[in-house]
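K.L.:
Spelled out, the chains give:
Number of protein chains: 2
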Amino acid sequence: MSSNALNTRTKILNATWKLMEERRGVGVRMSDIAKAAGISRQAVYLHFSTRVDLLGATTKYVDEINGLDERLKVVTQAKSGFDALMAYVDVWGNYLPEIHGIAGALLAVRETDEAAKAAWDDCMSCHQSGCHDIVKALQSEGRLAANWTDSSATEMMWVLLSFQTWEQLTVECGWSNAQYITWMKSILVQTFVS
Amino acid sequence: MSSNALNTRTKILNATWKLMEERRGVGVRMSDIAKAAGISRQAVYLHFSTRVDLLGATTKYVDEINGLDERLKVVTQAKSGFDALMAYVDVWGNYLPEIHGIAGALLAVRETDEAAKAAWDDCMSCHQSGCHDIVKALQSEGRLAANWTDSSATEMMWVLLSFQTWEQLTVECGWSNAQYITWMKSILVQTFVS
DNA sequence: CCGTCAATTGACACAGTGTCAAGTTACGCA
DNA sequence: TGCGTAACTTGACACTGTGTCAATTGACGG
Numbered sequence: 001m002s003s004n005a006l007n008t009r010t011k012i013l014n015a016t017w018k019l020m021e022e023r024r025g026v027g028v029r030m031s032d033i034a035k036a037a038g039i040s041r042q043a044v045y046l047h048f049s050t051r052v053d054l055l056g057a058t059t060k061y062v063d064e065i066n067g068l069d070e071r072l073k074v075v076t077q078a079k080s081g082f083d084a085l086m087a088y089v090d091v092w093g094n095y096l097p098e099i100h101g102i103a104g105a106l107l108a109v110r111e112t113d114e115a116a117k118a119a120w121d122d123c124m125s126c127h128q129s130g131c132h133d134i135v136k137a138l139q140s141e142g143r144l145a146a147n148w149t150d151s152s153a154t155e156m157m158w159v160l161l162s163f164q165t166w167e168q169l170t171v172e173c174g175w176s177n178a179q180y181i182t183w184m185k186s187i188l189v190q191t192f193v194s
Numbered sequence: 001m002s003s004n005a006l007n008t009r010t011k012i013l014n015a016t017w018k019l020m021e022e023r024r025g026v027g028v029r030m031s032d033i034a035k036a037a038g039i040s041r042q043a044v045y046l047h048f049s050t051r052v053d054l055l056g057a058t059t060k061y062v063d064e065i066n067g068l069d070e071r072l073k074v075v076t077q078a079k080s081g082f083d084a085l086m087a088y089v090d091v092w093g094n095y096l097p098e099i100h101g102i103a104g105a106l107l108a109v110r111e112t113d114e115a116a117k118a119a120w121d122d123c124m125s126c127h128q129s130g131c132h133d134i135v136k137a138l139q140s141e142g143r144l145a146a147n148w149t150d151s152s153a154t155e156m157m158w159v160l161l162s163f164q165t166w167e168q169l170t171v172e173c174g175w176s177n178a179q180y181i182t183w184m185k186s187i188l189v190q191t192f193v194s
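Protein chains in written order, with this note's numbering: chain A, 1 to 194; chain B, 1 to 194.
One or more hints might be untrue.
To be verified - Partial chain A-side listing against chain B, Cβ under 10 Å, derived:
(1) THR76
(2) GLU114
(3) MET124
(4) TRP148
(5) MET156
(6) VAL159
(7) LEU169
Keep in mind the hints are simulated off the structure, nothing from the lab. If you're wondering where the values come from, they're calculated on a predicted model, not measured in any experiment. A virtual CB, placed ideally from N, CA and C, is assigned to each residue, including glycine.
Based on the provided sequences and hints, a complete structural model is requested.
P.N.:
Okay, structure coming up:
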């Protein structure tokens with residue numbers, strides 16, 4: 001039945017998620033996922049036509065489970081652009097480590113895979129519009145630092161808060177997530193708030 | 001003879017470089033490289049034992065041809081930390097587009113390939129020590145902005161000037177390289193110089 | 001008890017990397 | 001002039017991982 005099918009589907013998604021996080025998205029094969037889900041390799045293909053399809057579905061699944069939308073409500077409820085910025089860094093900075101593996105995998109195949117690119121861009125445009133909201137709020141309060149235009153500020157903020165930047169600072173430089181959030185808040189305020 | 005061997009080797013390196021830049025490192029196969037170099041696929045293996053070996057050698061080759069060391073002399077000759085920072089952004093910012101393809105390819109396989117990781121880390125540690133020199137200069141002049149420690153400033157500067165950040169701003173946000181350099185100078189001064 | 005749907009099993013095609021062995025070409029040197 | 005060697009070619013093959021296909025099993029509901 002549908003519930004049974006859903007169970008297997010969910011099993012696959014969970015297995016994919018788990019393996020992606022464990023191995024940071026590197027060298028996770030369809031057969032590994034099948035084994036982890038306790039089913040045959042071919043059964044995976046009954047639910048997801050390609051590896052990229054599975055990757056995209058897992059991304060959406062992880063988003064749902066983690067409830068990014070729910071968490072971002074704190075940001076929209078902020079009283080000022082400054083508060084929104086602080087809240088955003090908190091939410092986003094705590095969200096990134098949870099999607100580390102799957103995001104890394106998506107990022108890696110996005111160059112060659114249309115579906116992966118789509119899943120990634122989807123997530124990124126959401127993130128970018130979050131940054132844009134903050135910039136607009138700062139601007140309307142007259143607190144956006146001089147020299148920045150609406151779009152250049154949004155884009156620079158988006159890049160500063162990108163997955164890649166987070167990954168470099170935490171994984172390659174060894175910063176703790178708390179450090180990341182602290183320093184990032186500091187540099188963002190210094191840069192964008194007057 | 002050796003000169004002939006060198007010629008073939010150079011042909012391969014040039015072909016690899018060219019293809020990597022053309023396709024931004026995506027989908028460049030050994031057979032493509034061989035064809036572009038005008039030799040058989042197997043001949044490539046006579047000079048480079050694996051794909052990663054070739055990638056690493058091409059990186060070194062590109063570095064030599066481009067003469068990064070030479071260009072960085074301008075930085076070491078700067079009179080102040082501030083001048084060094086400005087010069088560094090100029091040199092590095094004009095260097096990045098020239099290594100776009102090969103750097104992207106290296107970055108992509110570095111997770112799975114030890115040799116690629118080594119080649120990348122080599123380049124990165126050079127870049128990081130460049131940042132460190134600037135931070136030290138600023139610090140000795142008493143012009144390093146408050147709150148930053150020696151290492152946190154170096155690391156943050158390194159990340160701001162990373163290939164990934166450059167790629168996001170130029171490729172994904174569509175900034176021109178001149179824009180990148182201008183804005184990057186602005187944010188770096190604002191952040192690190194008091 | 002039959003039909004259906006999920007899942008299994010095992011085989012296969014395909015692409016790309018890397019290996020191997022045998023044959024060819026070119027060039028320096030006796 | 002011809003020999004030997006090193007570079008290169010040719011064609012075959014093993015291996016891994018993805019995706020496909022067909023035949024079969026097993027469970028559950030009508």
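K.L.:
Now, for every hint given, state plainly whether the structure supports it.
P.N.:
Verification of the hints:
1. THR76: Constraint on A:THR76 not satisfied, violated at 24 Å.
2. GLU114: violated, 13 Å
3. MET124: holds, 8 Å
4. TRP148: holds, 9 Å
5. MET156: holds, 7 Å
6. VAL159: holds, 5 Å
7. LEU169: holds, 6 Å
Hint check: violations occur at hints 1 and 2; the rest are consistent with the structure.
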